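Novice: Taking the hints into account, I'd like the entire structure generated from these sequences.
Number of protein chains: 4
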Amino acid sequence: MVKKKLRIATIGQGFMGKAHSNAFRQAKHFFDLPFELELALLCGRDQQSLETMAARWGWESTSTDWREAVSRWDIDVIDIAAPNNLHTPIALAAAAAGKMIWCEKPLANTIEDSARMVEAARGLRTLVWFNYRRVPAIAFARQLVEQDRIGTPYHYRATYLQEWGNDPTRPPNWKTDLAQAGSGVLGDLLCHSIDTALYLNGPITEVSAIQKTFAQNRAIDDATLALARFGNGSVGSFEATRYATGAKNRNSFELHGSNGAVRFDLEDLNRLEFTDATGPRNLQGPRSILVTGPDHPYWSNFWKPAHIIGYEHTFIATVADFLFALDRGEPFEPDFGTAHRVQLVLDAVARAAASGSAATV
Amino acid sequence: MVKKKLRIATIGQGFMGKAHSNAFRQAKHFFDLPFELELALLCGRDQQSLETMAARWGWESTSTDWREAVSRWDIDVIDIAAPNNLHTPIALAAAAAGKMIWCEKPLANTIEDSARMVEAARGLRTLVWFNYRRVPAIAFARQLVEQDRIGTPYHYRATYLQEWGNDPTRPPNWKTDLAQAGSGVLGDLLCHSIDTALYLNGPITEVSAIQKTFAQNRAIDDATLALARFGNGSVGSFEATRYATGAKNRNSFELHGSNGAVRFDLEDLNRLEFTDATGPRNLQGPRSILVTGPDHPYWSNFWKPAHIIGYEHTFIATVADFLFALDRGEPFEPDFGTAHRVQLVLDAVARAAASGSAATV
Amino acid sequence: MVKKKLRIATIGQGFMGKAHSNAFRQAKHFFDLPFELELALLCGRDQQSLETMAARWGWESTSTDWREAVSRWDIDVIDIAAPNNLHTPIALAAAAAGKMIWCEKPLANTIEDSARMVEAARGLRTLVWFNYRRVPAIAFARQLVEQDRIGTPYHYRATYLQEWGNDPTRPPNWKTDLAQAGSGVLGDLLCHSIDTALYLNGPITEVSAIQKTFAQNRAIDDATLALARFGNGSVGSFEATRYATGAKNRNSFELHGSNGAVRFDLEDLNRLEFTDATGPRNLQGPRSILVTGPDHPYWSNFWKPAHIIGYEHTFIATVADFLFALDRGEPFEPDFGTAHRVQLVLDAVARAAASGSAATV
Amino acid sequence: MVKKKLRIATIGQGFMGKAHSNAFRQAKHFFDLPFELELALLCGRDQQSLETMAARWGWESTSTDWREAVSRWDIDVIDIAAPNNLHTPIALAAAAAGKMIWCEKPLANTIEDSARMVEAARGLRTLVWFNYRRVPAIAFARQLVEQDRIGTPYHYRATYLQEWGNDPTRPPNWKTDLAQAGSGVLGDLLCHSIDTALYLNGPITEVSAIQKTFAQNRAIDDATLALARFGNGSVGSFEATRYATGAKNRNSFELHGSNGAVRFDLEDLNRLEFTDATGPRNLQGPRSILVTGPDHPYWSNFWKPAHIIGYEHTFIATVADFLFALDRGEPFEPDFGTAHRVQLVLDAVARAAASGSAATV
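Chains as they are written, first to last, in our numbering: chain A, 7 to 367; chain B, 7 to 367; chain C, 7 to 367; chain D, 7 to 367.
These are computed hints drawn from the structure, not numbers from a lab.
Any given hint could be a false lead.
It does not matter which identical chain is used: a pair holds within one copy or between any two.
[To be verified] Pairs of lysine-lysine, DSBU-like flavour, derived with a Cα cap of 35 Å:
id: 1; residue 1: Lys218; residue 2: Lys310
id: 2; residue 1: Lys10; residue 2: Lys310
id: 3; residue 1: Lys310; residue 2: Lys181
id: 4; residue 1: Lys310; residue 2: Lys11
id: 5; residue 1: Lys9; residue 2: Lys310
id: 6; residue 1: Lys10; residue 2: Lys181
id: 7; residue 1: Lys218; residue 2: Lys9
id: 8; residue 1: Lys218; residue 2: Lys10
Please read all numbers here as calculations on a predicted model, not as lab measurements.
Specialist: Encoded structure:
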């Protein structure tokens with residue numbers, strides 16, 4: 007059987023360009039994909055490193071002009087891994103050209119841009135790289151919610167803690183430049199936490215927030231903290247920061263309900279802590295489940311039980327799921343619509359922080 | 007040498023009455039006290055159980071009228087472990103009688119009452135049972151702050167999570183009755199977290215907050231969440247709840263600064279997690295310190311290294327420290343003034359939650 | 007009701023003397039005891055510190071000659087907390103005087119002495135301070151075994167790891183003197199591990215072992231390691247050492263069976279890890295149970311759920327259980343017979359280490 | 007620059023065949039390799055699944071006869087991932103053909119076979135897939151040993167615990183067949199633990215051991231336990247089992263020395279616990295180092311700090327290191343010689359278990 011091909015142009019040659027390249031190379035090794043992925047074009051700003059990267063990952067061609075990706079007839083997918091401020095112009099151009107669009111998070115730097123992207127992409131297949139939904143432990147947490155093992159939700163609590171904001175040895179980066187990044191941790195880290203929260207606990211209706219910039223001469227938020235009310239009656243707290251000394255990549259959440267609770271930390275991505283509050287009381291306690299067994303999400307695709315996976319596999323599973331949905335003509339999430347709902351919350355958080363008052367989402 | 011005696015009347019025959027009785031019996035066994043404590047009078051509402059309790063702990067006499075404690079000339083200390091709404095009338099009467107006053111937290115149910123108590127007790131020795139300051143690990147955290155091992159503080163994060171709010175087998179209790187308790191978790195749990203925060207990270211200047219009542223027909227807050235700005239430029243988050251399924255008594259905090267970080271959880275009260283961010287980068291990581299060694303606070307008083315202590319020892323160390331300060335004529339904390347500063351923060355939290363806007367402390 | 011009195015003489019003024027004194031003072035506060043304990047006589051070698059200790063803990067009298075304890079008609083219980091080499095002579099004298107005998111572990115320095123003690127004490131009430139049986143988590147582990155929640159046992163694994171063997175700041179102590187201690191970690195630490203193993207997993211039939219002395223000029227074992235076969239078909243490993251850098255008091259064990267597993271570490275004495283292997287496979291994982299709830303052993307006697315206890319409470323519960331058994335005329339364990347069975351295993355371990363061959367117990 | 011090519015034939019189409027295929031595909035993406043790897047030939051017993059696997063991973067050709075791999079002139083490397091009993095015949099044939107040989111562990115089923123393989127491969131480049139040496143945390147542990155951060159070693163303690171021995175849903179497998187596997191956990195799991203021990207703590211000189219078969223009608227060891235003396239004066243314990251309910255893949259070790267200690271568990275492969283015993287005593291405690299930073303082994307090759315890796319990366323790093331050594335003409339470990347030294351220990355363990363007496367390595 008000859009497989010249909012999907013020719014990809016990735017725009018971005020940094021960390022995400024590498025993570026995406028890897029996913030495109032690896033997906034077929036772990037999943038029986040309905041499409042063959044071809045790494046057609048890699049775009050970026052530095053020609054020399056583009057060539058190195060293309061050679062290493064097997065990209066067919068390179069360009070320092072992302073418009074080439076949009077204009078080439080042989081490209082099916084525009085994969086946006088460029089700095090945040092380029093998401094909107096690239097996506098709008100790609101939509102105008104009728105391409106499928108895969109875009110890094112956050113979707114856009116303003117809620118207006120985000121809305122324009124959703125509108126422009128109507129009818130097109132889109133994907134937003136909220137890759138953490140495909141952490142097996144998080145997909146498993148979602149199953150537990152669906153199976154009513156959490157019950158009536160009471161509390162959601164999330165942090166995304168990093169520590170590099172304060173590191174003088176770290177070279178300057180677009181992530182701390184307001185013009186390119188649009189925000190600090192709000193769009194970089196909090197957006198992941200919000201996506202996971204919406205995925206596991208449903209819509210957020212109202213938020214209060216504070217933001218803080220610790221560094222001199224920086225215009226973006228080094229830290230954003232928020233309190234939230236969810237549509238389902240539960241309450242939540244969120245904290246994202248680059249100044250949490252000792253926390254490397256602590257993307258964590260906890261959800262407490264009437265039947266049970268779950269707790270996760272990305273630094274231990276192969277585990278989910280689960281408390282079952284329905285059994286004998288003297289046996290209750292948070293259990294540390296290694297989410298690497300034959301009955302866990304995605305695991306049959308990877309290795310034997312308990313032979314753990316890493317960060318990169320979340321991208322692999324994301325692209326695989328997209329392709330299966332595409333093949334079946336089914337909807338896929340997270341798409342632009344999903345990401346726009348995240349943006350609406352981020353926007354409310356920013357408004358709440360600016361005003362010092364609760365803001366409706 | 008004949009020791010001076012201090013004759014105590016405790017008002018309260020519940021959990022705290024037991025914890026205080028134990029502290030009064032045990033303090034001399036672990037500390038070389040300058041005073042001899044005499045358990046003179048135990049007051050409570052139920053005569054029969056008062057007698058049982060008095061027999062067990064060796065109280066000389068009992069009464070169902072707390073006024074007897076205040077009026078008896080042979081009583082030196084009025085120790086208030088009664089429901090919250092009685093703190094103010096008892097303390098005012100005790101102050102009028104010139105007694106030393108030891109009072110459970112929260113100091114009062116309103117900021118006005120709290121202020122009256124401070125005023126009335128001016129010139130008298132007071133103690134408020136924020137016993138967790140004397141957890142060896144928390145006292146040690148304070149040492150680390152003082153030694154600049156945390157450095158410039160960035161983030162403070164605290165939770166006080168319990169799960170019994172939802173337990174149908176639990177008998178009704180004054181803690182969920184607004185008239186007696188004054189509030190729900192605000193005065194019961196959050197006040198502990200705020201005291202520890204002020205102790206370790208200094209004054210709070212502004213808060214945002216939300217409160218939530220989950221139970222039908224309950225008038226108090228089952229959960230209170232707050233964001234805070236500290237006078238030292240750091241930001242913080244607080245969460246107290248009785249609906250955190252899976253969390254038994256998770257009174258936890260974390261403080262991140264430029265030099266390091268500390269993390270604590272009362273469920274593991276003999277440990278403090280410390281990250282030193284000043285050493286070789288490849289060796290950095292949160293270390294789990296068993297705060298039970300010869301160089302740790304209070305440890306020489308208790309057992310051999312690593313033979314851990316429990317909850318009750320925090321009361322023992324509190325009363326011992328009070329007596330040493332009394333003997334030396336030195337100030338003691340936490341006293342009514344300390345507790346009033348906690349009340350000011352709680353009051354701002356309640357105002358912020360009611361208004362949906364940030365409130366100044 | 008006037009309670010019967012039990013007048014105690016403790017021989018030993020060190021760490022164990024303190025732990026026992028505390029237990030005798032505290033037992034009535036937490037348990038409704040059928041006997042009143044009187045601290046009649048404290049014996050030790052140093053008169054001055056005996057007096058200090060007697061004053062602090064309320065001992066009626068002191069003596070530097072333990073024979074006084076045995077000869078006094080008003081003493082009911084001889085409590086032996088002296089160096090190991092004195093256990094046998096004191097116990098034999100106490101038995102000859104018809105006293106009840108409470109003895110620290112190990113029971114004796116040789117298997118012959120141990121057998122003589124058992125023989126001499128026949129018909130007398132005895133107790134051996136294997137206090138860890140009354141750690142609530144260990145008593146709970148025993149319940150799980152009895153309820154078949156472990157199932158057919160496969161593996162038992164225990165360590166008792168300390169690090170002070172290598173500490174040059176530590177003053178010399180009888181524990182490293184062969185004449186007094188009889189052995190190093192064999193009698194000091196391994197004996198605890200063996201008692202717990204027999205309690206939870208039944209008789210040991212055969213052992214292999216190695217011993218090691220790291221320190222120059224020391225005649226006792228700094229480390230003892232053993233492999234074991236249990237009568238129930240499971241196999242086990244044991245390790246006791248004073249040279250485990252980083253381990254303060256890691257008295258840990260793990261038991262794996264066909265239905266589940268338990269794991270314990272004395273450094274976290276309020277917790278038991280339990281794996282239930284009988285439920286849905288995707289939900290299986292070791293759960294961390296805080297053994298501090300209303301349905302857990304001894305908990306109703308101590309504090310509210312999750313208000314943790316310390317090391318000392320294991321002695322309190324031991325003496326309480328002894329008194330209840332005495333009152334009811336029921337047998338109590340661990341008694342001399344129990345301890346002698348531990349000695350038989352220790353003796354086999356020593357023989358196996360000396361011979362380099364497996365030894366039958 | 008045109009890279010030299012290395013054409014590989016892998017014999018084995020199971021779990022290891024997949025892990026190797028992945029490594030061969032991925033190595034160039036993370037390392038700037040001096041050779042281009044070509045997946046020339048995949049051999050196995052089942053033609054249909056061979057074709058599926060070859061299509062998925064891009065193998066050029068397939069064969070059900072491993073002799074084809076040895077006889078083809080265009081094959082440079084024979085990679086043996088077949089059942090244990092085939093290691094020796096394939097390796098001897100490959101050596102006779104002058105090929106490079108990469109072989110799964112254990113090297114052979116008898117010490118005589120292992121010795122013959124070493125002899126036959128003299129002068130050839132060999133690799134044995136003790137892949138765990140390239141876990142960044144283990145490589146880092148080795149660095150700590152070399153930097154004297156452990157100091158004089160006292161204790162080494164290792165377990166390799168799995169639980170599937172007792173799983174009735176698991177299909178029969180050559181791993182429990184004596185004829186093919188040669189042994190049970192001895193060659194399957196303990197050999198990994200021994201290799202790591204030799205790597206980190208040097209030669210083992212003497213062992214005592216017991217073995218146990220729990221399953222009816224099984225001829226191999228379900229569990230092997232050993233005690234060891236190391237050449238450097240330290241002592242150790244080892245345990246490997248397939249009956250450790252609750253343990254999925256607990257390949258763990260701990261090394262205690264005069265200056266510090268390290269502790270590792272494969273279920274948390276991105277972490278190393280390190281205790282520094284040389285700093286201020288009150289700050290000492292095991293620190294949990296996320297071995298995912300810019301100064302940690304292999305990390306610059308993979309992802310950003312704290313974006314964790316999985317099991318598969320250990321194979322990737324192994325093949326990369328082999329190629330670098332090959333290119334530079336330097337020795338590589340672990341090779342056949344390394345693996346033979348592991349076999350010598352395994353042989354002594356088996357002898358000790360059979361005889362019930364200590365055996366010299």
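Novice: A separate judgement is required for each hint: does it hold in the structure or not?
Specialist: These are the hints, each one checked on the structure:
1. Lys218 x Lys310: between (45 Å within a copy, 25 Å between copies)
2. Lys10 x Lys310: both (30 Å within a copy, 34 Å between copies)
3. Lys310 x Lys181: Between. Shortest inter-copy distance 14 Å satisfies the 35 Å Cα cut-off; intra-copy 38 Å does not.
4. Lys310 x Lys11: Cα proximity of lysine 310 and lysine 11: in one copy and across copies (30 Å, 31 Å).
5. Lys9 x Lys310: Close inside one copy (28 Å) and across copies (34 Å); limit 35 Å.
6. Lys10 x Lys181: Cα proximity of lysine 10 and lysine 181: none, with 37 Å in one copy and 40 Å across.
7. Lys218 x Lys9: neither (51 Å within a copy, 51 Å between copies)
8. Lys218 x Lys10: Result: close neither inside a copy nor across copies, 49 Å intra and 54 Å inter.
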